[in-house]
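Produce the complete structure using the sequences and hints provided.
Number of protein chains: 2
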Amino acid sequence: MTDQATATQACFACGTGSPNSLLSTSQPSKSPSVSSSTFSLSFKLPDSRPSSPSPSVFSNSSDRTMSSSSSRPDRTPAEAERDYFSENPAPANLEKYAAQAKEFIDFHAAAGRRVVLVTSGGTTVPLERQTVRFIDNFSAGTRGATSAEYFLENDYAVIFLHRQFSLLPYSRHYSHATNCFLDFLSEGSDGSVIANEEYREKMLTVLRKYNSAKKENRLLTLPFTTINDYLFVLRAVAHDMRPLGPNGLLYLAAAVSDFFVPPERMVEHKIQSTNATDLNRTAAKDPADDEEVFDNFDSSPAVPRNKRLIIDLDPVPKFLKNLVDGWAPEGMIVSFKLETDPHILIQKAQYSLDRYQHHLVIGNLLSTRKWEVVFVAPGQPGRWIRVPRNRRKKSIGGNERLVGVAAEGTETIERPLDPKDLPDGEPEVEIESLIIPAVEAMHTSHIKKNQESLKSLPRDASLPPDQAALLQEAVASG
Amino acid sequence: MTDQATATQACFACGTGSPNSLLSTSQPSKSPSVSSSTFSLSFKLPDSRPSSPSPSVFSNSSDRTMSSSSSRPDRTPAEAERDYFSENPAPANLEKYAAQAKEFIDFHAAAGRRVVLVTSGGTTVPLERQTVRFIDNFSAGTRGATSAEYFLENDYAVIFLHRQFSLLPYSRHYSHATNCFLDFLSEGSDGSVIANEEYREKMLTVLRKYNSAKKENRLLTLPFTTINDYLFVLRAVAHDMRPLGPNGLLYLAAAVSDFFVPPERMVEHKIQSTNATDLNRTAAKDPADDEEVFDNFDSSPAVPRNKRLIIDLDPVPKFLKNLVDGWAPEGMIVSFKLETDPHILIQKAQYSLDRYQHHLVIGNLLSTRKWEVVFVAPGQPGRWIRVPRNRRKKSIGGNERLVGVAAEGTETIERPLDPKDLPDGEPEVEIESLIIPAVEAMHTSHIKKNQESLKSLPRDASLPPDQAALLQEAVASG
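Protein sequences, first through last, are from chains A and B.
In this text, residue positions in the first sequence follow full-length UniProt numbering: the first is 1, and each later residue adds one.
In this text, residue positions in the second sequence follow full-length UniProt numbering: the first is 1, and each later residue adds one.
Keep in mind that a hint or two might mislead.
Not the full set, but computed from the structure, chain A residues with beta-carbon under 10 Å of chain B [said to hold, decoys possible]: (1) S171; (2) V193; (3) E197; (4) L313; (5) L366; (6) G379.
Straight-line alpha carbon distances no greater than 25 Å define the calculated PhoX-like cross-link-like pairs of lysine-lysine that follow [as the list claims (entries may be wrong)]: (7) B:K96 - A:K420; (8) B:K321 - B:K448; (9) B:K420 - A:K96; (10) A:K102 - A:K321; (11) B:K215 - B:K96; (12) B:K321 - B:K102.
Stretch by stretch, here's where chain B covers chain A in the computed footprint (C-beta under 8 Å, at least three residues) [unchecked claim]: (13) 108-120; (14) 127-141; (15) 198-208; (16) 258-271; (17) 339-349.
Hints in this document: simulated from the structure, not taken from any laboratory.
Don't be surprised by glycine CBs; every beta carbon is placed ideally from N, CA and C.
Structure representation (structure tokens):
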């Protein structure tokens, strides 16, 4: 593969052109029925009582809602998966992305290199097929993009599955930076465009690292927008990663939606209070009588009618269990647990670990996530990883050291920091410079354990030939 | 003001640091009661019937919901405005932004320059105070950022009120571009960082325009995130614009939420199905019994319970009328109407114009918005502005001309284009290069009309002294 091809591959995520290109709304639905049953207007009638909401709160198409197989209460996880992927349309670029991932993984599997899939940014839940409104999950992609850089520095090959236009490794230093991108540049004397001397040194360092990752074909970026894009591509890439055996690492830092609108309940057009026919009729009569509630700027009629929008969402089927059991059974799996309430963080992380039986949950709080995280792994108490006290504030001289000192990273205080005790702004050390070496050490143990269990296998163990080959390959490359 | 100060001002929008910094969730609420009444879980009970939804669909705190003054049906628009701004917390940076806008406007008012407020990007509706989830409106900010550039080229001073991290004038050519930002740069022989020759010429053109706008203090960028940020800052800046008289132009291209969660109904923490106390109790007993529905990755328990999330939103009070009548009574006001259904576009635009009595609605369809828009103004039929047929496709040589030919921009076909007839990708000509000169011409007429009506005033007209001074100033500077 030429450098040019590699560069294109490493960066094609930025090149999808339209911000809409991966929206599942551009996909034909496999379900022909388009219904607005999910979106119901309700009037706050003065006589409606809490114990008996007005019947108008839900449309009378609830029967269809209830018969949706996405919601059947008696399904096994495998059935839920099968139903989800058969009922929801695959994103347009799925095959292209899966093929790119496969080529990338095979390249590094052959070299015995570890490969990490980093997911990053928030997934969206479109509320209309031609999407004007959507539910989003807060994430600029900082955790994922920063982690990806440290994985690259630790010799991993990185598949970066990220929300389109969220932060990317390396370019993150400039895309959402303190200055506008153009403020870093000026016109040279000969009509050239050059980086200002003030920023030159850091920009050169970042550019060299980026070019090195491109040259070695160690960074593949794949974009997603919706929860549906994410789930389809995640499944495909996890499947692609099976040949890596224990050398594969899944580092799931994306902020993934818990709820979605099943396709059979999604409306085609921007949600309106009246449909086009009604509007035509009303407008012909007297526009002032029209009850236009969903105006682009401004919604209520001249006299407010107190109309509300009610959005009714189904839970996203649970896929982490499938990931652990089936999609990438030998890889190490790390998930994140973001909470805002410090009192429930560790319990929620522990609970997720108990349920899915994967390898590590990294817990973090919205307000302190750049200063500390907690590692929750099987059979261990929560282990806090913190930016050391003396590195929490950027030094006055602006001498920014990006890599922290891992040995200093663990404090003995076993409770979350109080956000009030933290300085304003960003810590001097990026906490991902402490997280990634710790994850890498656990991954090394994971690989060793796998090798040992392989060695201890009796020679006549009745492994299927392909699985035995995989294990052998894993030992050879680990 | 020094160039340095101007540069900082023109770009401080990029410098707010945390992507969270403007979220209203960081504001103390004026309403002390925090209730989860809006977020109700419902079980799809097999026996629940459409005509009588389960009582659990709504919590029993609906009484509080119904007493919310945001929802009182008998309010005048002025009361709705007063209530909104007294019940919702002002964003942290409101005073700073208003002061910056005032200084900027006074500077240009003194020079007799026209000032346009361009709003751009989508507003968010947070679902929690410590926001993990929010509802968003689809917009990369292309319309607003591109329009702002053409206003600058047409000698306007531009206040760019935009969604944080959405596209900005000039940097838009690189921030969401076909290439990663770092792909435009390479290492020079002397350790410098330079733009690749391939991109140099265009980058130099963009950089010169950007630096010129900065040097002349003609671009002020102000960020927003939530619908609440937007409404507060819009009101403040519109007030600041009154001294401009008819020289002020409001160009409202932002995709503004129609619905929001009133503060008294907003929960503090990430939405959970059980509260922390319940979780503690359950976890101590047996984690497997805990019904954790809102897991960060994956929501449903081992056996799906078909739990749903129901989000109940109030309409955003109508403010366009206030803008027309009170905030900026002499300025010209342009709003946008985005639809997905071509059959209702013009009627909806006409309807908005009839209701608010402002000057221009620019209608556009999601699928064709880069190729055509329709101008709907009082007493005129819809006027289509289109990228000319021979400029709809970028030429093979990649010779990208950004400025179109306005005279060619109007076609006689009076119905929307069929998206199927349009080429893939982007048109060769940016449609904003046709929109802005047309808006500018209307603004010139608006100013002239205002001057004429002032001249025709009898000399003893009983104008309050300050309004007379404003009008006189408007004539002098127009």
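Original post:
Going back to the hint list, which numbers does this structure go against?
Top reply: 6, 13
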